[in-house]
Amino acid sequence: MRAVGAGRLGGLIALIVLIVIASFLSDRFLTVPNLLNVLRQVSIVGILALGMTFVILTAGIDLSIGSVLGLSVVLYAGLLESFGLPAAITLGMVAGAGAGLVNGIGVAYAGIPAFIMTLGMLSFARGLAFIYTGGTPVPILDETFYNFGNGYVLGVPIPALVLIATLLASAFVLGMTPFGRSVYGIGSNEEAARMSGVPVRQYKALVYVISGTLAALAGVVYASQLGIGTPIAGQGYELDAIAAVVVGGTSLFGGRGSVWGTFIGTLIIGVLANTLNLNGVDPFVQQLVKGALIVVAVFGMSRASRS
Amino acid sequence: MLKRLCLLTSAIVMLPLAAVSAQERQPITNATCDELAARYDKLPFTDILPLEAGPVLVDGEEKSITVGFSQTGFNHPWRVSMLESLQAEACRHPNVELIVLDGNVDVAKQNNDVRDLIARGVDAVIMSPVESAALVPASRAVMSEGLPLVVLDRDVPTDKTLFIGQSNVTMAEGVAEKMAEDLGGKGKIVVITGLQGSSPAVDRNQGMLNVLADYPDIEVLVTGDGQWIREPSVPLMEDWLTAYPEIDAVFSHAEESSWGAQLAIARANRCKDGIKHYTFDGSNAGFKAVKAGTFGADGNYTPFIGDIGLRAVLYELTGKEIPDAEDYAQPGKNLALPDSPVVTAANADEWIGRGWGDFEPTPDPCL
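Top to bottom, those sequences are chains A and B.
Read in order, the letters of the first sequence correspond to residues 1 to 307 in our numbering.
Read in order, the letters of the second sequence correspond to residues 1 to 367 in our numbering.
Bound conformation, chain B alone (with noise of 0.2 Å):
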């Protein structure tokens, strides 16, 4: 019985490694080089230290390079996409090999991770913390290997060779600013946060905060988390409808919870009340939304960044020199990013296809 159990198991875990080698599938994203070199045209910072597709040359010689990524874990979209973009670049390079690690959003593991990467002999080292603080020893492992390390959306308060973020104060300052204009400066909110206590959530609400200091009139009426998904704000956004007869817009800081409230306003026969709905991550199904109206205002929040990370490392790995990288409040350096234009009903057509994720928006039942 147990030994029939062992073989099915296998069997069950070796299918799609199998498949993997088969079809020359990128782990992860589960997309071949030509997917990516289709998406790679759509990527928003392509332009930022731009490199040339082909071999890259280290002292004039194409040797195999590998680079290591350890991310914070795939266990979101956004996540995944950022590996996208880092695949897509990696693809253009035929010496260019990654080992992927999957952090599981947990900074011990990943702090494993880095430390592992480090033993496996990567050229350079690609981080997107798990969070801030925690993953200060494995960075300091690896610049004291002498190995460049470029880390991706969350900063780390130590020496590195180049910090590539961009800031959720001040994209969360455009979506709420984009708010208080559509309500004329006058109405009742509610707040759905992402997961508390993470470093984005905090960030957006602050941003919030700051723009609303100045209104007044903008009644914050509760606020809850929504954890970032889709299902947690179902329960709040009904319990609050029936707390709250008047309720003018949802700040929610990720698409997936706004499509929740959206959700729970049709269910509660409130789509005549025309909630305006301010939200945030910048996928293309999210662009849509707020072309169809049902958002007011989408944060766009791209993670199409690892592609720029892979090409700092290659820049550094070959000597070139960084444009734009420059000294910042933290140790190491800092390449500032573009903010992304907030995508609203104007600027909505320009974004769509240029955000993350291929998938259509939640049909909204509203409409």
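Isolated chain A (complex conformation) (with noise of 0.2 Å):
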């Protein structure tokens, strides 16, 4: 547990310096709009970093997430106008919790390596996507819907909101549940949770379940944020979960790290971003800058957990 504390307070410092740093090189980055901004900016990506932890903190990967997302945002659009709103939601979140269940599926019950299982769904559910809407993006013309992603309650914006309820809803069932401590005992020792009774396998599919989920969920704020429902939504984001994953201190072999810290990494690379768009860098350079502070990020916690 030590070693998990090290590495949060190594993030929250490190958020902490940026900050400082952004608000010397911006003087309007300390502003009230703009932190909102950032808080809206990163509510997809942390929303899929957050299922995310529950699968690397079983040691497992979920490459898939991206690719739900993008299917669930389809769904969503193309069913809105047949069904309702609140069955296209419906309907959409079972296809994300659907991939999810066939993820962990095949990675506990059939014993396919989880990078090659979600790596299958990856493209499975992307071509799902293009299939579905034949490559074009759908319109979404519903107006409740365009307020929920853009819109305000108590002056926080929406998608901030959902991101944060789902941060205490995943701190709640890893913190506070029997499954929570038990996905924490699959990451650090397969074997010893399952002599201590562990029901391993389905936890373990559980946790593709989750991720589909919040797949899904993003998928949400996405496509009532954007107002399209496209086949290439997401693309790529599983990278971008990963990162804030690892960058908020959670280990990739399973059984360290928590949500919090994948919270603080989320925004840590929100920030970030915010601040080279803040004081024009160009895009080229912010990839490189990007990349250099994900490993820089990395190396210095896991030395602070080491020390």
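Worth double-checking, as some hints may not be accurate.
Said to hold, decoys possible - Covered by chain B, according to a simulated footprint, are these stretches of chain A (three or more residues, beta-carbon under 8 Å): (1) 19-31; (2) 133-143; (3) 224-233; (4) 274-282.
Please keep in mind that the hints were generated in silico from the structure rather than gathered at the bench.
Computed from a prediction, not measured in an experiment: that's the story for all the values here.
Each residue gets a CB set at the ideal place from its N, CA and C atoms; glycine is no exception.
Two chains, two separate frames, one set of hints: put the complex together.
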């Protein structure tokens, strides 16, 4: 547990340092509207990263979440007109959970390596999204849905609230439930977890269902904000989510880390992108800085947790 | 468990395939020949290399002709629309069959695809390359088999039967001219590019720079990568609105990115700034947005050149000469297309219905 604490603290310090630098670089950074923008900007990848944290804690990986987000987004858009908003969202979420279930069964019961199983799903779900739309984005013309994605509650953007609610729920499940504690157990030593009576297969499958469901939830935020269901939605987001998780101090080998760390990791990456944009940094250079930050942050935290 | 899972998956995979054969829907566009025939009349270039409907006779014989089409990828509706125009032409000729392959935006895959087409014994190849230079080996393979090779949209620097494409540079010049005119030659703009490093993004940027060289009082505040789509341009624009109190126009390489920018403008309560959008893509939704006043101009880069490509192939196979095919700086011949006019408020009505895509524009959050 000491390592987790050090990692989380390291992330928090890194975030504070970044915020200080950002406020020096632009006097517009530390304004309420800008900070709320950042929260909204990170909400989609943030929700994905929370789901990814569950999976990575079991020493797994879920490469399919970007595609599952894309699939759910086209379903929301396509089903909205004929079935209405609640049914469209339910069906899209079920599809996300279903994709996660297939991943989970493949990994936990069929013994397919998570990397391969979810790589397959990455392509399969994207294929379904393309087949369903014929490659053309489907516009979403629903006022309620648009207001959900672009509205505010008490001055806070709704997508940011969805992110925070997901964070609190995830923290509760991981910290307060037998399932959550077993997730850490499975990640540190699967055999030992099995011996002590943890239903390892069931729980391992469940983390993929969680990550698929949260991908579909991120899809709700995506579709409602942008008002379009495009089959290419979320391409490459899985890598942004993994970056947020590891910058947040969760070990790719499983068993160590937390959703709080992931949230901080998400903010670090979001604040960095915001600062680079505020200062008009060239997009090529932005990619370079982001890459460097990921490596430096993870290196720094692994040093901090060792000492 | 596994067996059941396999059954389930195969059922999911087989379902769409079964649907295809039952209703004779074309692959990818999912349209029937009847639906495509209705759209054929609206294609912009059917008068270039005109060809009557009906069977195509080679040496007086009606034998089946198989044409392979290797597309960059079908990840963008523009690319699907190009196929639509190609299928619409193929539907008019009962003895012409298409084999369509999806390059997945991967040069290696597309090279393999083209070789697969040769192996499957096609009579001709139509290709719209992912990237110019990288498709030279595949092009050489086609030419060395003695098959006609028609290249669409992006050229290859090697021998070919015919290249058909429009210029992104001159089109961008047209859009930038309109912007400069609207701004009265003075103002601050932000630029959202297409996927950085892709040739249309490079060319559209070049066209803009060519024009801005004549307008020293138009200042480019900042440039960002919108990747042709909506999502990345929202945070970009949000952050720029925070950083720059004064923005007069957004020059974006794609309609989708312009919509994202407009969303950010509305959310930041900056609609009253009257920030104008200058954009590209040539969709019907884009033309409607021009008419509504959201977009100041839309670069009309039509995807409907697939039908010309197929007609060129059929001309070649039937020994008909292709008029206007001329030598140019690259090996092979070029069929220069007339530049489609930039769509502005003045001519939007005339173009609505002749762009690609039949979806409605996103409601303008500022209106």
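Outcome of the hint check:
By the rule of at least three residues with a Cβ nearer than 8 Å to a Cβ of chain B, the coverage given for the region 19-31 of chain A holds, with 3 such residues. Check on the region 133-143 of chain A: 7 of its residues sit with their Cβ under 8 Å from a Cβ of chain B, so the three-residue criterion for coverage holds. Chain B is given as covering the region 224-233 of chain A, and this holds because 8 residues of the stretch bring a CB closer than 8 Å to a CB of that chain, at least three being needed. For the region 274-282 of chain A, the stated coverage by chain B is satisfied: 6 residues place a CB nearer than 8 Å to a CB of that chain, which reaches the threshold of 3.
Of the hints listed earlier, there is not a single one the structure fails to meet.
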